[in-house]
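> Whenever a hint applies, use it, and build me the whole structure from the sequences.
For the record, the sequence lines run as chains A and B.
Counted the way my numbering counts, the first sequence spans residues 1 to 407.
Counted the way my numbering counts, the second sequence spans residues 1 to 118.
I should point out that these hints are in silico values taken from the structure, not numbers from a laboratory.
Among the hints, erroneous ones may be present.
In silico DSBU-like cross-links for lysine-lysine, where the CA-CA straight-line distance does not exceed 30 Å [claimed, not checked]:
no., chain 1, residue 1, chain 2, residue 2
1, A, 198, B, 52
2, A, 188, A, 201
3, A, 162, A, 13
4, B, 61, A, 201
5, B, 52, A, 201
6, B, 11, B, 28
7, B, 115, B, 94
8, B, 94, A, 158
9, B, 52, A, 187
10, B, 115, A, 158
11, B, 52, A, 162
12, B, 11, B, 52
13, A, 378, A, 297
14, B, 52, B, 94
15, B, 115, B, 99
16, A, 20, A, 187
17, A, 188, A, 199
18, A, 323, B, 115
19, B, 92, A, 324
20, B, 28, A, 324
21, A, 82, A, 20
22, B, 30, A, 82
23, A, 199, A, 13
24, A, 158, B, 84
25, A, 378, A, 20
26, B, 52, A, 199
27, B, 52, A, 188
28, B, 4, B, 115
29, A, 294, A, 249
30, A, 158, B, 52
Have a look at the derived ranges for each label pair, beta carbon to beta carbon [what the hints assert, rightly or not]:
no., chain 1, residue 1, chain 2, residue 2, range
31, B, 40, A, 194, 54 to 64 Å
32, B, 82, A, 70, 34 to 44 Å
33, A, 323, B, 98, 37 to 47 Å
34, B, 102, A, 102, 27 to 37 Å
35, A, 62, B, 70, 44 to 54 Å
36, B, 98, A, 382, 38 to 48 Å
37, A, 119, B, 82, 44 to 54 Å
38, A, 56, B, 102, 17 to 27 Å
39, A, 75, B, 98, 52 to 62 Å
40, A, 35, B, 8, 57 to 67 Å
Every residue, glycine too, gets a C-beta built ideally from N, C-alpha and C.
Chain by chain, the residues:
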Amino acid sequence: MNKVAIIGVGHTKFGKLEEKNLMDLLCDASLEALNDSNTNDENFDSVYLGAMCPGEFNHLSGIASALVDRLGLIPAAADHLKNGPASGGSAVKAGFHAIASGMNSMVLVVGGEKMTHISTPGYITSAVATLTHHQAERRHGTSLPSLAGLLSRIYLEKYNAKLEWLSDIAIKNHRNGALNPIAHFQKKIEDFMESAVKKGKGNWNTIYEFLSDDNSNPIIADPLRLFHICPISDGAAAIILCNGEIAKKFCDNPVLITGIGQATDTHITYEREDITVLNALRVSSDQAYRMAKKTPKDIDVAELHDAFEILEAVESEDIGFFKKGEGARAAHEGRTEIDGEIPINPSGGLKARGHPLGATGVAQVVELVWQLRGEAGKRQVSDAQTGITCNFGGFGNNIISILVERM
Amino acid sequence: MSNKENLVSNKCKKCGYLQDISHLRCLKCKNNTFDTIEANGTCVLLTYTILKAPPLEFRDKGSYALGVVQFENGIRALGQIFPKENLRIGMKLKPVYEKICNNLDGNEVYSYVFKLIE
Ligand SMILES: [Zn+2]
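Here it is as structure tokens:
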């Protein structure tokens, strides 16, 4: 198997980007990655695009072919990967396969989504809910947030954890996002509270009081409130992959993808023997660790899929950092902060960096590349050499883990 | 429209594994023959949520409770719970066939829901 190197990255700002359409975003991220990797004059073998709902949100199909045309990369092969919110991770995996197998030597991977222009209440919730099992879940009114609510309630009860500990994850991720110039929310929750006080909307003694107030932090899927849930965002991210043998020709500090894994679980969430276990993550991260000959102890930094803050807690356990049931407590104790024993989501995660569905799996890898190159600015994890991601498609029924190391 | 919906699961004829009827083969042993069994007796609430931002089709309801229950014979199901107040994990419920919403075409949608045992 050939070594797979990341030689350049691109990342648009995430957020409500009114002046950009989906194709603009994909092109912006791609062109930045071409520049970053000094591959503007290279011929590309393949382009892999991850986007979840371009048909539903943007009335577009055939977007991978259109992107290659727009970027002047014809006749590169072009594929569109659709794997729910893990579409970006699937695109990275397709690029990895192409290079590792020797079929390709230069590949562009890009993920993106444009969704903030949709104003119909419930439309996005409904489109995303089509991921769930129709007969057993969706026809009863299930949405993704409601599955997260069901998971949160049973987790808190079973492991004697506190809702405030899930809030601590959001507080940390917003604090990290405040240090990330491309994040959707570059603002701490403390600052949201201060603005609300200044506007005369209330007075709270602690941040937990602010976060348990129905006006400042409305319930979405009890016990989860607005600040436990990621925003709806626009944005795109891109990486350039090439055969490791030629990586140093293009850049001084390539990052290698040394491990990658993907696994599935039951479509109906309640059919999992223990609803609080993400077996797809256990299997996919185990594949990634084995391929890279690493263990969870070797990881310096992780980007996990906190579409809901309960997920960061559960993922931090099933990816091997903490014992089952201790993830939320570990976050509460500060063990996942940028200067903690295992920094999780220095980017701000989905909560603060934002979650343009198909972009996320690629954006997680971009953040790790910045961390491993020492280019993460104020959110830099000291001497980060090895990182891992968890990109979550559906509700835990399709999970991709990507392990990267400095070359 | 029938006035009842049977709450059923498939039990694998080879290994006895209990699973949703949508699976064509057993998740444990790949066998494809099953006995369809009905949920039996009352059920226990395993977890629940109260959804305040429903998908499009359920917007007219405003807010509703969803729960996962388990019956005495092991069958699990997800459904709405009425009323949505004072719920707790471990409480006993019973299935009742009822209207759950109007779909986007304005037609009434029925299914089983779970109610407190009086
Ligand atoms: Zn079987």
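> State for each hint whether it applies.
Status of each hint after checking the structure:
For the proposed pair residue 198/A and residue 52/B, the alpha carbon gap of about 28 Å is at most 30 Å, so the pair holds. Of the pairs offered as hints, the one joining residue 188/A and residue 201/A holds, with about 18 Å between alpha carbons and a cut-off of 30 Å not exceeded. Taken as a hint, the residue 162/A and residue 13/A pair is broken in the structure, with Cα atoms around 33 Å apart against an allowance of 30 Å. Straight-line distance between C-alpha atoms of residue 61/B and residue 201/A comes to about 28 Å, which keeps the hinted pair within the 30 Å bound.
For a cut-off of 30 Å, the pair hint linking residue 52/B to residue 201/A stands: about 22 Å separates their Cα positions. At roughly 11 Å between alpha-carbon atoms, residue 11/B and residue 28/B fall within 30 Å of each other, so this suggested pair holds. Of the pairs offered as hints, the one joining residue 115/B and residue 94/B holds, with about 5 Å between alpha carbons and a cut-off of 30 Å not exceeded. About 23 Å separates the Cα atoms of residue 94/B and residue 158/A, which keeps this hinted pair within 30 Å; it holds.
With a C-alpha separation of about 26 Å, the suggested pairing of residue 52/B with residue 187/A holds against the 30 Å cut-off. Taking the CA atoms of residue 115/B and residue 158/A, the gap is about 24 Å. The hint holds against a cut of 30 Å. For the suggested pair residue 52/B and residue 162/A, the alpha carbons sit about 21 Å apart, so the restraint of at most 30 Å is met. Restraint check for residue 11/B and residue 52/B: the C-alpha separation of about 36 Å exceeds 30 Å, so the hint is violated.
Our distance criterion of 30 Å between C-alpha atoms is met by residue 378/A and residue 297/A, whose separation comes to about 24 Å. For the given pair, residue 52/B sits about 24 Å from residue 94/B by alpha-carbon distance, which is consistent with the 30 Å threshold. For the hint linking residue 115/B to residue 99/B, the alpha-carbon distance of about 13 Å falls within 30 Å, and the restraint holds. With a CA separation close to 23 Å, the supplied pair residue 20/A and residue 187/A stays within the 30 Å bound.
Pair hint residue 188/A plus residue 199/A holds up; C-alpha atoms about 17 Å apart against a cutoff of 30 Å. About 36 Å separates the Cα atoms of residue 323/A and residue 115/B, which puts this hinted pair outside 30 Å; it is violated. Taking the CA atoms of residue 92/B and residue 324/A, the gap is near 28 Å; set against the 30 Å cutoff, the hint holds. Of the pairs offered as hints, the one joining residue 28/B and residue 324/A holds, with about 24 Å between alpha carbons and a cut-off of 30 Å not exceeded.
For the hint pairing residue 82/A with residue 20/A, the CA-to-CA distance comes to about 22 Å; that is within 30 Å, so the pair holds. A hinted pair counts as satisfied when its Cα atoms are at most 30 Å apart, and residue 30/B with residue 82/A qualifies at roughly 27 Å. Between residue 199/A and residue 13/A, the direct Cα distance comes to roughly 28 Å. Compliance with the 30 Å bound is thereby established for this hinted pair. The straight-line distance between the Cα atoms of residue 158/A and residue 84/B is roughly 22 Å, inside the 30 Å bound, and the hint therefore holds.
Annotation: proposed proximity of residue 378/A to residue 20/A holds, straight-line Cα distance about 28 Å (limit 30 Å). Taking the CA atoms of residue 52/B and residue 199/A, the gap is about 26 Å. The hint holds against a cut of 30 Å. With a C-alpha separation of about 25 Å, the suggested pair residue 52/B and residue 188/A falls inside the 30 Å cut-off, and the hint holds. Using a Cα cut-off of 30 Å, the hinted pair residue 4/B and residue 115/B holds, with the two alpha carbons roughly 15 Å apart.
A threshold of 30 Å between alpha carbons decides the hint, and for residue 294/A with residue 249/A the separation of about 27 Å falls inside it, so the pair holds. For the suggested pair residue 158/A and residue 52/B, the alpha carbons sit about 24 Å apart, so the restraint of at most 30 Å is met. Between residue 40/B and residue 194/A the Cβ separation comes to about 56 Å, which falls inside the hinted range of 54 to 64 Å. For the pair residue 82/B and residue 70/A, the supplied restraint of 34 to 44 Å is violated, since their beta-carbon distance comes to about 53 Å.
The hinted window of 37 to 47 Å between residue 323/A and residue 98/B holds, with their beta carbons roughly 42 Å apart. Taken as a hint, the range 27 to 37 Å is violated for the pair residue 102/B and residue 102/A, whose Cβ atoms sit roughly 57 Å apart. Taken as a hint, the range 44 to 54 Å holds for the pair residue 62/A and residue 70/B, whose Cβ atoms sit roughly 46 Å apart. For the pair residue 98/B and residue 382/A, the supplied restraint of 38 to 48 Å is violated, since their beta-carbon distance comes to about 58 Å.
A beta carbon spacing of about 32 Å between residue 119/A and residue 82/B contradicts the range 44 to 54 Å that was offered as a hint. A hinted range of 17 to 27 Å for the beta carbons of residue 56/A and residue 102/B is consistent with their spacing of about 22 Å. Residue 75/A and residue 98/B have their C-beta atoms about 58 Å apart, which keeps the hinted 52 to 62 Å range intact. Residue 35/A and residue 8/B have their C-beta atoms about 59 Å apart, which keeps the hinted 57 to 67 Å range intact.
Checked against the numbered hints given earlier, the structure breaks hints 3, 12, 18, 32, 34, 36 and 37 and satisfies all the rest.
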